[in-house]
Amino acid sequence: MTQAAAPTATRPASTSPHRRNVSSRERWASVRTYVSAAVIVIWCLLPAYWMVLTAFREVAFTYDTAFWPTHVTLDNFRTAFATDTGNNLSLALFNSLIIGASVTLIALVVGVFAAYALSRIDFPFKFIILGFILGASMFPGVALITPLFQLFTDIGWIGTYQALIIPNISFVLPLTVYTLTAFFREMPWELEEAARIDGCTQGQAFRKVIMPLAAPAVFTTAILAFISSWNEFLIASQLSNDSTQPVTVAIASFTGSQPQQEPYTAVMAAGTIVTIPLVILVLILQKRIVEGLTAGAVK
Amino acid sequence: MATRLAVPSRKGKKSGQKPPLESADRKAATQNKWASILIAPTLILLGVVIVYPIISGIFMSFQSDAGLDPETGLFADGGFAGISNYTGWIMQQCPAVGGGTVDCPPGTLGSQFWSATSNTFFFAAVTVVLETIIGFWMALIMARSFRGRGLVRAAVLVPWAIPTAVTAKLWFFIFAFQGIANELFNTTILWTGSEWPAKWAIIIADVWKTTPFMALLILAGLQMIPGDVYEAAKVDGASTWQRFRHITLPLVKPALMVAILFRVLDALRMYDLPAILTGGANNTSTLSILVVDQIRQGFNSAAALSTITFLIIFLVAFIFVRFLGANVSEGSGVIKKAKTK
Numbered sequence: 519m520t521q522a523a524a525p526t527a528t529r530p531a532s533t534s535p536h537r538r539n540v541s542s543r544e545r546w547a548s549v550r551t552y553v554s555a556a557v558i559v560i561w562c563l564l565p566a567y568w569m570v571l572t573a574f575r576e577v578a579f580t581y582d583t584a585f586w587p588t589h590v591t592l593d594n595f596r597t598a599f600a601t602d603t604g605n606n607l608s609l610a611l612f613n614s615l616i617i618g619a620s621v622t623l624i625a626l627v628v629g630v631f632a633a634y635a636l637s638r639i640d641f642p643f644k645f646i647i648l649g650f651i652l653g654a655s656m657f658p659g660v661a662l663i664t665p666l667f668q669l670f671t672d673i674g675w676i677g678t679y680q681a682l683i684i685p686n687i688s689f690v691l692p693l694t695v696y697t698l699t700a701f702f703r704e705m706p707w708e709l710e711e712a713a714r715i716d717g718c719t720q721g722q723a724f725r726k727v728i729m730p731l732a733a734p735a736v737f738t739t740a741i742l743a744f745i746s747s748w749n750e751f752l753i754a755s756q757l758s759n760d761s762t763q764p765v766t767v768a769i770a771s772f773t774g775s776q777p778q779q780e781p782y783t784a785v786m787a788a789g790t791i792v793t794i795p796l797v798i799l800v801l802i803l804q805k806r807i808v809e810g811l812t813a814g815a816v817k
Numbered sequence: 187m188a189t190r191l192a193v194p195s196r197k198g199k200k201s202g203q204k205p206p207l208e209s210a211d212r213k214a215a216t217q218n219k220w221a222s223i224l225i226a227p228t229l230i231l232l233g234v235v236i237v238y239p240i241i242s243g244i245f246m247s248f249q250s251d252a253g254l255d256p257e258t259g260l261f262a263d264g265g266f267a268g269i270s271n272y273t274g275w276i277m278q279q280c281p282a283v284g285g286g287t288v289d290c291p292p293g294t295l296g297s298q299f300w301s302a303t304s305n306t307f308f309f310a311a312v313t314v315v316l317e318t319i320i321g322f323w324m325a326l327i328m329a330r331s332f333r334g335r336g337l338v339r340a341a342v343l344v345p346w347a348i349p350t351a352v353t354a355k356l357w358f359f360i361f362a363f364q365g366i367a368n369e370l371f372n373t374t375i376l377w378t379g380s381e382w383p384a385k386w387a388i389i390i391a392d393v394w395k396t397t398p399f400m401a402l403l404i405l406a407g408l409q410m411i412p413g414d415v416y417e418a419a420k421v422d423g424a425s426t427w428q429r430f431r432h433i434t435l436p437l438v439k440p441a442l443m444v445a446i447l448f449r450v451l452d453a454l455r456m457y458d459l460p461a462i463l464t465g466g467a468n469n470t471s472t473l474s475i476l477v478v479d480q481i482r483q484g485f486n487s488a489a490a491l492s493t494i495t496f497l498i499i500f501l502v503a504f505i506f507v508r509f510l511g512a513n514v515s516e517g518s519g520v521i522k523k524a525k526t527k
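Chain order of the listed sequences is A and B.
According to my numbering, the first sequence is numbered sequentially starting from 519.
According to my numbering, the second sequence is numbered sequentially starting from 187.
Among the clues, some could well be false.
What the hints assert, rightly or not - Distance condition first, Cα-Cα at most 30 Å in a straight line; then the derived DSS-like pairs of lysine-lysine:
# : chain 1 : residue 1 : chain 2 : residue 2
1 : B       : Lys-420   : B       : Lys-439
2 : A       : Lys-805   : A       : Lys-726
3 : B       : Lys-439   : A       : Lys-805
4 : A       : Lys-726   : B       : Lys-213
5 : B       : Lys-439   : A       : Lys-644
6 : A       : Lys-644   : B       : Lys-213
7 : A       : Lys-644   : B       : Lys-219
8 : A       : Lys-726   : B       : Lys-219
Unchecked claim - Which chain A residues stay away from chain B? Per the calculated CB distances, all over 12 Å, these:
#  : residue
9  : Trp-561
10 : Glu-576
11 : Pro-587
12 : Val-590
13 : Gly-604
14 : Lys-644
15 : Phe-657
16 : Tyr-679
17 : Ser-761
Claimed, not checked - Covered stretches of chain B (in silico footprint by chain A; criterion: 3 or more residues with CB under 8 Å from a CB of chain A, positions within the stretch not fixed):
#  : segment
18 : 321-330
19 : 340-346
20 : 352-366
21 : 449-462
What the hints contain is simulated information worked out from the structure, not anything from laboratory work.
Just so we're clear, the structure is a prediction, and the values are computed from it rather than from any experiment.
Note that beta-carbon positions come from the ideal geometry of N, C-alpha and C, so glycine has one too.
Take these sequences, add in the hints, and give me the full structure.
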């Protein structure tokens, strides 16, 4: 475990005169831990809380500074989904879903084989291929945008779904491969052999032993892939049009009823809609998500 | 850790069976065939979506953009440009009306190369330093065992899960003139309206959004350190600071350097936050923003700039891996295990 787990777990056998001193120091350390923990939680949650709070506030009270719900209304959500000001949040959500689902599906179907090979089979150049895939995931999207913009202009693909799906594969596929590779490495593959010895056919061993074991890893990777596609902004902002733009682009260009006025409350409502399902999903799968996030890097 | 130790290594299995040499060779050949069949789709797809655009971009960067031909006065295709697109950016030279080049007038994209480059490095340096320090601190807290630790670990995932575009809009609202930031600090700063407040707004938003990622990577590194090392150090009378300095830091260093490398490369391509918060105004433009702005004014020149950006990022990654000990193959278990197998 870690150094800080130590103080409470094992107290060095000290003589009694020192003991009170140590325990008061321990109490002080524990108070500091709780204060620090509180600071972290507030720092991480307060801005997000502010977004949700503002989303439920009447437009006239946009700049209300109360830290609790005041002037509560659902109007902002209506404005966010209304189409008369040129915003089309429902279409944008649909687009993001289409793009995210397609990218995730392609990356998983292709990546799962590569990850299996990389984690289970010895072959030459494995190290170089892994390095290439890891490097590809850090590749700057801006280096792709210019050639792709010209190519897609030439073949009339600007504003099509495929023009938004293909570039996203460039960073989602490497992420998928190295996350899955890390997960697959940790799997007890010898169970497959054990099942065969116990009389399973290869198909049964795969279906009854490997699939249930691999499913959580594949599912977590799918979530991570979907999130990274869902959050993409740079490429989508250049290659989409009004009818294919994903939520990130839609929210960035949200317009209100007053042309000169930033529709903060409606933007916060839209942001809340885009964020809350994601946050809930991430919190439910917290342990696996963190595992997946760090798997490629430090495990 | 435990599972990995329990799994018998592939080599162990092979030597246990002691197959005849020929059969082992044939087995290796079959395995290689299978491996290439399984990996081919990934490599082909990455070739299409990454390698092809890079090569095409490099090719484009040596063509000149279509424009008015100074001699005929007609709109003409550019043709081969040599390295003039590159020198144009680096020397900040723009095509002159009568042919040749002049210094780019202030305000044009051509005059922003060096300021965008220095902004990019400034943002990368400041955000990564802050994120490393705060992330390390967060990781140390989260590594302690206390009631409510689960809540803290869940809370740090929230900023990470919010899309950057939404984060930018959220902080844009927080930093609005009548917004909560000015209210809380009792200031009247036009945050996104002048250079330094805008830069700090971008930095604060970025630190909020990505420190959790850093903290989680460092936490994963911390959890790899066996507890008895600390026990032993404590018995030997090492102070908290000594334990941190001589145990935590060296042992977490490989994971830390990989995390920093990831973040630096990510920060060097920063686009979403400044693009939405300031649109690159008030000298907050980054290289990515400059490329995107240039695309609609000329593909080929933009291709030269994106190639420069790519080379800069590549160079930084190289320096990190080569000189600063960000040993990806050591820090990153995926590769390490592949290597030792």
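Hint-by-hint comparison with the structure:
1. B:Lys-420 <-> B:Lys-439: 21 Å, holds
2. A:Lys-805 <-> A:Lys-726: Given pair A:Lys-805, A:Lys-726 holds - Cα atoms ~24 Å apart, limit 30 Å.
3. B:Lys-439 <-> A:Lys-805: Holds: B:Lys-439 and A:Lys-805 sit about 24 Å apart, inside 30 Å.
4. A:Lys-726 <-> B:Lys-213: 27 Å, holds
5. B:Lys-439 <-> A:Lys-644: Cα-Cα ~25 Å, so holds.
6. A:Lys-644 <-> B:Lys-213: 17 Å, holds
7. A:Lys-644 <-> B:Lys-219: 13 Å, holds
8. A:Lys-726 <-> B:Lys-219: 27 Å, holds
9. Trp-561: 7 Å, violated
10. Glu-576: 15 Å, holds
11. Pro-587: A:Pro-587 is indeed farther than 12 Å from all Cβ atoms of chain B, at 15 Å.
12. Val-590: 18 Å, holds
13. Gly-604: 17 Å, holds
14. Lys-644: 5 Å, violated
15. Phe-657: Per Cβ check, A:Phe-657 is inside 12 Å of chain B; nearest 6 Å; violated.
16. Tyr-679: The assertion about A:Tyr-679 holds, with a minimum of 15 Å to chain B.
17. Ser-761: 19 Å, holds
18. 321-330: With 7 residues close enough to chain A, the hint holds.
19. 340-346: holds (count 7)
20. 352-366: holds (count 12)
21. 449-462: It holds: at least three residues are needed, and the segment 449-462 of chain B offers 8 whose Cβ sits within less than 8 Å of chain A.
The earlier numbered hints that this structure contradicts are 9, 14 and 15.
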